[in-house]
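**Student:** Each chain, letter by letter, is given below.
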Amino acid sequence: MRVLILAKEGNQSAAATPPTAEAMAEYQKFNEELVKAGVVVAAGRLSPSSEGKRVQFDGSKRRVIDGPFAETKELVAGYWLWQVRSMDEAIEWLKRAPYDGGTFEIREVSQHEGA
Amino acid sequence: MRSPSTRAREGALAVATEANRAIEAIWRIESARLIAGLARIVGDIGTAEELAQDALVAALEQWPASGVPEKPGAWLMSTAKHRATDLIRRRKTLERKYEELGRDVERDQGGTDLDTAIDEDVGDDLLGLIFMACHPVLSTDARVALTLRVLGGLTTEEIARGFLVPVSSIAQRIVRAKRTLTEAHVRFEVPSGPERSARLASVLEVIYLIFNEGYAATAGEDWIRPSLCEEALRLGRILAELAPTESEVHGLVALMEIHASRLRARVGPSGEPVLLLDQDRSRWDHLLISRGLAALERAERLGAAMGPYALQGAIAACHARAATAAETDWPRIVALYDAVAQLAPSPVVELNRAVAVGMAFGPAAGLELVDALVPEPSLKSYHLLPAVRGDLLRKLGRSEEARAEFERAASLTENARERELLKRRAAECAAEGMTG
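Sequence lines, in order, name chains A and B. Those letters in the first sequence? Residues 1 to 115, per the working numbering, in order. Those letters in the second sequence? Residues 116 to 551, per the working numbering, in order.
One chain only, chain A, in its complex shape (with noise of 0.2 Å):
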């Protein structure tokens, strides 16, 4: 099955410092520890959401907000794809980041697509 990893902004909002680079090492290693598995399919961080846009649908109207967005603990900061055997399996993987805070979220893919 296919898991998202959705690192939500928490603390870490655009204000934040930027990672020690000794931080940054452990990450890395944690993410080469998740590629030798064959666990990682796609991973991605993004940019803040001062930089991003909104596009509110409503009927036939389209509104487009600017960043950056109010609900800071809720936004998504970066995401992992994983290939994973089952739901236990990625929370142990995640179990093992070297975070010391923050929330991520997981969510299976469906494999059922709308088509």
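Rather than coming from a laboratory, the hints here were simulated on the basis of the structure. Treat the hints loosely; a few may be bogus.
To be verified - Between beta-carbon pairs, the in silico distance windows are:
# : chain 1 : residue 1 : chain 2 : residue 2 : range
1 : A       : Thr20     : B       : Gly386    : 48 to 56 Å
2 : A       : Ile91     : B       : Arg211    : 43 to 51 Å
3 : A       : Arg54     : B       : Ala438    : 54 to 62 Å
From a predicted model like this one, the values you see are computed outputs, not experimental measurements. We treat Cβ as the ideally placed atom computed from N, Cα and C, and that holds for glycine.
We have chain A already, so just place chain B on it with the hints.
**Tutor:** Here is chain B on its own, set in the frame of chain A:
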């Protein structure tokens, strides 16, 4: 036969309480590394697997009460390591006794310092385990079962379900495979030099076999079994990181990623197969396609001449790059099949080449090549020969001959879904014959 303790261990695994589910997931993550590290120390897969499973049983006994340790992998390894130490000590005592009897029993691992043995690169351990499980001394069936068991962390039941064979057959296959490795004194090593490419070919063959059994199930009710594809793909991706300079590994990964990208489009609403040129390309998984193309680039960048897997990956890429079936670059596919046929000639490759020729230069040219393959003994009961021939005949307007070929193909396949598809084609030809 499985020992009662093995059955107890597997039974223990099946108890799916909350804590146990976490432990099972950890086992899936850690078991290959664990078995690999232990195999290097004790020298054989069977003992390594037993030691690893003993550690798992200890976890199942202790963790529900004590909680899962912070580094579960390290915990399992150190628990198993203690047991390995005991075992080696016992073996050494035994060896001394043998020596007293004047027999020369020399064990490779006799002089290994256990701590350095465990701390060395885990990657090499895994690679060593892959090479051992895929050793050419084993039959392909045995290699496949052992690989899924020790590298995939699959239970005997899961493997049996994947291949639609009784659990007892898989269990026996694994036990016999371990015995064969021991009797043949297969060493735990990462082969180098000229031996390496032959051994690697054996590994790639096993992974591709697992993939193909999922991709086009040879038997049974389902046309595809995606979990086997996923397992093979995972093994391939792992191998690509363990042996990044082997272009054929990337070639195989490219081939599997691109083929897997079509899994969703290969099955119609009621489970019937949909062939490549009839597939809705918007349903292809474009993430897997881009991964496949990247893997192919990795293979090409290594500079060596493309091997059979990289060439087949390149053929798959030709299809992946074509926005519609009509835009397929068939002449390039023919050229790539020419190259495959030179490197790894086989009647099946010739048949595929004939299909490409038929598409590039017209059905008559394709049929000429297929007709030449008809006497080939190895294709005698290969259902795709009459299926391809039927297809070409149909395009040439020879409906009655085409119908007979599709009927023949339907009688040869063991996959129920494929049989339905071929019968439908035969019926279509019959209808065409009436009107035409």
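**Student:** The structure should be examined with respect to each hint, and the outcome stated for every one.
**Tutor:** Quick rundown of the hints versus the structure:
Judged by the Cβ atoms, the range 48 to 56 Å given for A:Thr20 and B:Gly386 holds: they are separated by roughly 53 Å. At roughly 48 Å, the beta-carbon separation of A:Ile91 and B:Arg211 lies within the given 43 to 51 Å, and the hint holds. Our hint of 54 to 62 Å for A:Arg54 and B:Ala438 is violated, since their Cβ atoms are close to 31 Å apart.
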